[in-house]
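Protein chains in written order, with numbering that gives the first Met the number 0: chain A, 0 to 220; chain B, 0 to 259.
Among these hints, one or two may not hold up.
Simulated pairs of lysine-lysine, BS3-like, Cα-Cα distance not exceeding 27 angstroms [what the hints assert, rightly or not]:
id: 1; chain 1: A; residue 1: 169; chain 2: A; residue 2: 157
id: 2; chain 1: B; residue 1: 98; chain 2: A; residue 2: 96
id: 3; chain 1: B; residue 1: 253; chain 2: A; residue 2: 21
id: 4; chain 1: A; residue 1: 170; chain 2: B; residue 2: 98
A short, non-exhaustive set of chain A residues, derived as facing chain B with CB atoms under 8 angstroms [stated by the list, open to error]:
id: 5; residue: 14
id: 6; residue: 15
id: 7; residue: 18
id: 8; residue: 52
id: 9; residue: 54
id: 10; residue: 69
id: 11; residue: 76
id: 12; residue: 79
id: 13; residue: 80
id: 14; residue: 81
id: 15; residue: 85
id: 16; residue: 92
id: 17; residue: 93
id: 18; residue: 99
Derived by calculation from the structure, the hints in this document are not laboratory data. Owing to the predicted nature of the structure, the values given are computational and were not obtained by experimental measurement. For glycine and all other residues, C-beta sits at the position ideal for the given N, C-alpha and C.
Okay, here's what each chain looks like letter by letter:
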Amino acid sequence: MIELINVTKFYKTSNAKKYVLKNVNQVIPSHINVGILGRNGAGKSTLLRMLGGIDFPNSGAIVSDKTFSWPMGLAGGFQGSMTGRQNVKFVCRIYGKSDIEIEQAIESVKEFAEIGDYFDMPIKIYSSGMKSRLSFGLSLFFDFDYLIIDETLSVGDKNFQVKSKAALRKKMENCNVLLVSHSMPILKEICQAGIVVHAGQMYYFEDIDDAIKTYDKINKQ
Amino acid sequence: MTKRSSFTIFKSVIIALFLREVQTRFGSQKLGYFWAIFDAMFMVLVFAGLKSAIATNSMPGLDFPVFLATGFLAFFMWKNIVSKSMAAFSANMALFSYKQVKPIDTIITRFLIEVLVSLMATIVFLGIGLYFDFDINVKNFNMVILAVTWFAIFGFAIGLLTAVIGTFYETFNKIVNVIMTPLLFISALMYTVDSLPPILREIILYNPLVHFIEMIHGNYFNTLNTEYVSYEYMFYWTFIPLYLGLYFYIRAEKKVISSR
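Only chain A is shown next, with the shape it has when bound in the complex:
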């Protein structure tokens, strides 16, 4: 269960506060995959980052006893000057993995990501597709209660999309996902429940179809 208690989050612009969430109280039940919808700039990614523990509400609290992955997004979360291999090692180490486990992680990520020689080159020369391959492949190696995914499923070529969806499906036997996406088919396929973020509020729907309908309505406004 994830509980948002009176959560307010805003960004200061030069003349006003831009609210992402304003006094939001919401409970997101456990063991359910949640799709998050909203227009660009509505605050979907901010919400994910707050759930992932790397951004913080200005007031209120987000309470959960679950473990969350790092937000997997196009922005990376990788240090550009390090190679793919070094980044994999780094993440394994901060999660306290042993040397043997690190070797295993390197093998499995290398195999999954299929980025060939780029694995030993600095991340800064990667394309965004390659970055998300690496990030996604790496996340599969850890056991989280929730995977936090920001748009990454729709990148990559057809082959990779098929492959990552299959991998995600297998992973989802043991964990749930919080997924931001603009692709309705993917949301319908993976998520049961939905959240729409709009104008400083978030609305929770037990059925993803209702969330999509609401989102469509907002878009027509």
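Given chain A's structure and the hints, the job is docking chain B onto it.
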């Protein structure tokens, strides 16, 4: 996933950051080992050369290059701790997307690395000193170690404070950088406080670095003493920045993480 204690997490993060920094600093083609001793070596050579060209030995009873080396090694340790800490947040921004990595971990890691690098450089210098038959005997080893450790902590305090303030006011970093260069000449590195005219002596003693360097020199060389060192003044300069640095850091930690 099993929950780990915060100390276990802290330890794994420090190890991970440490290995990453060492790899980037001392990786192939980086000449990291060379740069580790270059700064101090260069200064010693320049000033020892200058001195022998223009003056007779004004410090009887000690080898002037050793005098220079002790001061410059300590000075560059301090300077590198400060400037590396200052840049630690921005250099590791991308890694804050893992919630285990706290900004202060990056400063602690860089502090440890700088101390180790200085230790390495010191060993190289000692080796050179032995080889060329310089007088490298220490008067009071324990006090020298205390002085250097204290100096390092002073560097950590200033580095942390600068890093936190610099996150919100970039100009602050620039100001500190500008101060760094003249410090080289007003920190009693090529001369002793005792050798200065009284009026200059009084002014220069406002510089906290002078006290640290004098404490090191005074305890290293038989012919020098620590009569101008004020431990109280050194304490204030360590404690106040450390306290303020930690205080501001705790208040600003979340802002630093989410500012990426």
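Open item on the list: Please list, smallest to largest, the hint numbers that this structure does not respect.
Closed with: 5, 6, 7 and 18
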